[in-house]
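Protein chains: 2
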Amino acid sequence: MNAEIISVGTEIVLGQIVNTNAPLLARQLATLGIAADCQLAIPDRHDLMVDAIRAAWRRSSLVFVCGGLGPTADDVTLAAVAEAVGTGLTVDQQHWQWIQETFAERHQAMMPENIQQAKYLTGGSPLKNAVGLALGSWYERDGHRLVVLPGPPREFKPMVVQEVMPRLTKVVRQHVQITSRTLNFFSRPESQLMNEIAAVTADLTGVTITSYVQPDAIQVRLTVRDQLQDVASKLLDAAQDAIVKKEEPFFFGVGDDCRLANVVVDLLRKRNLRVTAAESLTGGMFQSTICSVPGASNVFDGGFVTYAAAAKEQLLGIDPQLIEKHGVVSAETAAQMAEKSRGKLGVDVGLGFTGVAGPDSLEGQPAGTVWIGLAIAGRPTQTRLCRFGAYRGRQAIRQRSVQTGLQMLYRALIK
Amino acid sequence: MNAEIISVGTEIVLGQIVNTNAPLLARQLATLGIAADCQLAIPDRHDLMVDAIRAAWRRSSLVFVCGGLGPTADDVTLAAVAEAVGTGLTVDQQHWQWIQETFAERHQAMMPENIQQAKYLTGGSPLKNAVGLALGSWYERDGHRLVVLPGPPREFKPMVVQEVMPRLTKVVRQHVQITSRTLNFFSRPESQLMNEIAAVTADLTGVTITSYVQPDAIQVRLTVRDQLQDVASKLLDAAQDAIVKKEEPFFFGVGDDCRLANVVVDLLRKRNLRVTAAESLTGGMFQSTICSVPGASNVFDGGFVTYAAAAKEQLLGIDPQLIEKHGVVSAETAAQMAEKSRGKLGVDVGLGFTGVAGPDSLEGQPAGTVWIGLAIAGRPTQTRLCRFGAYRGRQAIRQRSVQTGLQMLYRALIK
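Protein chains in written order, with full-length UniProt numbering: chain R, 1 to 415; chain C, 1 to 415.
Read the hints as simulated data drawn from the structure, not as lab findings.
Put simply, identical chains are the same to the list, so a pair is met inside one copy or across any two.
In silico lysine to aspartate or glutamate, DMTMM-like type, Cα no more than 25 Å apart, as pairs: (1) LYS245 x GLU113; (2) LYS246 x GLU113; (3) LYS270 x ASP360; (4) LYS234 x GLU11; (5) LYS128 x GLU190; (6) LYS157 x ASP216; (7) LYS128 x ASP360; (8) LYS157 x GLU11; (9) LYS246 x GLU196; (10) LYS128 x ASP216; (11) LYS157 x GLU190; (12) LYS344 x GLU324; (13) LYS344 x ASP319; (14) LYS344 x GLU313; (15) LYS234 x ASP257.
Since this is a predicted model, take the numbers as computed values, not measurements.
Make the full structure from the sequences, and use the hints.
Okay, here's the thing in structure tokens:
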């Protein structure tokens with residue numbers, strides 16, 4: 001099956017934003033063996049859109065039109081799609097009711113234009129938006145399918161994953177049986193991981209292996225086509241075994257939605273342990289990541305942000321002479337932050353994060369130099385030196401630090 | 001002048017890499033008033049490429065073909081372009097000599113295929129590659145221009161800036177250009193903001209106004225085309241004045257990169273104030289956001305994550321009876337968290353965040369119920385009740401809380 005992706009938006013064609021929706025969708029389609037061989041970006045101009053959509057609808061069996069579903073005057077996608085495929089627009093009354101209630105709940109004034117966001121292509125069906133107001137559309141005629149999706153990535157991604165992929169999988173499975181499994185690995189060079197995986201799976205035929213770099217992990221997807229379910233499962237098991245045997249130090253779980261923070265919170269809960277932290281360069285990001293997991297209260301009471309040296313002394317009681325002697329960016333300070341935070345809260349596990357987020361250097365250490373301490377009751381305190389200078393930018397260095405802290409904790413918990 | 005950009009590469013259409021070349025080129029073209037109204041990505045398949053390039057060459061006066069200039073078998077761009085426009089390929093002997101010398105210097109084995117990288121379109125002229133081996137091509141005929149550029153961004157960008165833009169600038173009339181300015185507003189319904197803006201700018205002709213919803217702001221872009229710089233500036237000033245006059249309570253700054261956290265940190269620094277926080281549902285996200293700003297150490301020493309009620313008592317010294325009486329999700333608790341954190345750190349400003357991130361309710365309050373406290377030395381403590389239940393998901397509720405805290409602080413600081 002050939003697909004085309006049409007991305008709509010003046011901000012895209014002017015280069016003001018980078019189009020990440022089309023590659024995300026293309027990767028999803030690839031898992032079903034669908035190639036999106038033609039990907040177009042055009043401004044939100046009615047005439048251009050109608051021409052482009054009409055041409056795509058004529059020549060391809062699957063067309064995606066992405067963006068321009070907002071309530072403002074430059075959101076003209078639905079009208080253009082309807083004209084191009086020769087249908088109208090229908091208001092989803094239930095959704096329109098929900099939009100009105102949502103505005104009322106937020107105590108915000110609603111505009112008449114908001115009704116746009118409750119419309120879908122007549123003769124098709126609406127697609128739910130998990131995080132935003134605008135519906136998507138799924139439309140089929142004469143063996144051709146057209147899908148309308150919202151532009152903001154935070155709305156786009158869940159609609160693709162939750163609404164579009166299950167429908168497409170049904171369509172594709174009438175012809176091809178596809179079984180897949182996702183393995184999750186700590187962040188590291190993708191090329192290295194994939195080369196190693198290629199080497200250990202060289203003699204496994206029938207399993208396609210693709211990788212997808214997330215900000216906090218590398219997801220490796222194993223896909224088997226055209227096999228009965230139990231044959232496919234055995235092939236996937238064999239591939240997983242070979243890969244995990246080789247990559248065990250980096251592997252942390254199976255599943256598309258498997259996140260390291262969730263795995264760590266789950267392990268802490270199972271082992272009946274509580275965690276805290278004292279954070280300098282990460283400034284609360286580690287604790288916030290723990291709190292992003294539903295049920296975090298089972299394993300986390302609170303902790304410290306100790307950005308300045310004075311706060312490390314005042315809130316944690318770290319000896320000023322220790323900091324004086326070793327510097328704030330040191331194994332000793334990271335260890336003390338971990339141990340003192342643990343002690344102050346009276347919990348089982350403490351982490352300390354101290355380092356140079358940049359852009360300036362600190363104590364003669366370049367941006368990216370980070371020490372992480374991990375103190376667990378009844379075990380010797382660990383420290384780790386990280387050099388994240390090659391990850392450009394303050395945010396990348398801080399995120400990388402949080403991920404490394406989670407990795408250290410994960411590896412300690414599975415021992 | 002209308003341009004089209006054709007990006008070639010299987011890794012692009014499979015979504016394995018995000019296409020940053022096209023937006024970079026589009027931004028450069030926009031400065032010359034050239035709109036790249038059609039941007040296509042296709043795999044490196046000869047037939048698809050010839051069709052796409054031929055169609056673009058017929059309908060547009062300026063066509064860019066990017067990627068596929070390497071020495072390997074799947075680098076078929078030059079041959080496809082030559083066929084599509086009906087010309088041949090010429091070897092730049094001087095460049096070919098240089099490639100051979102370069103390989104010798106690197107003690108690397110050269111492949112016969114490397115001669116591909118010394119070729120350009122016959123009848124056109126080669127474009128220098130500042131960092132890589134492959135030449136680009138500039139080709140003109142019958143008032144149409146076609147430019148071939150390499151795919152790797154580190155080669156692409158210098159060739160666009162150093163080779164293409166000077167040539168294009170000569171072609172394009174000097175005075176035609178696009179001037180734009182971005183205004184930033186607190187998150188709120190986009191439709192409402194844009195309707196209000198439309199009303200106050202109705203009599204301003206020549207300014208195009210578009211909006212783009214960011215996770216933490218609404219960016220409104222004002223664009224003027226085809227005007228001399230000083231005329232454009234006056235038009236933008238007039239539009240900005242009218243909009244900010246109406247939207248002053250929501251406006252927080254000018255510029256593509258203007259973020260509320262940066263504005264707040266800058267205001268604190270100018271007023272010589274230091275900030276802290278005690279965070280429950282946000283779990284450190286407010287402090288982490290402050291620390292995301294370079295130079296945060298000028299205004300922030302540290303603070304508290306007090307997720308459990310016990311931590312609020314232990315770390316901040318909040319009276320258990322106060323929590324008992326009013327609940328953790330209450331104005332009183334939020335105010336105490338703000339005041340006590342400020343007092344403990346001995347700084348000027350404290351914020352308290354307490355509420356229900358969900359998915360479960362707490363103390364009979366539904367997910368999304370949030371109280372934020374703001375304590376500033378010498379002023380009465382403020383509290384604000386937010387009902388974010390309509391923002392779906394734990395992360396959205398927490399992010400919204402952080403943004404609202406920043407807004408409260410911003411408004412207090414500009415008073």
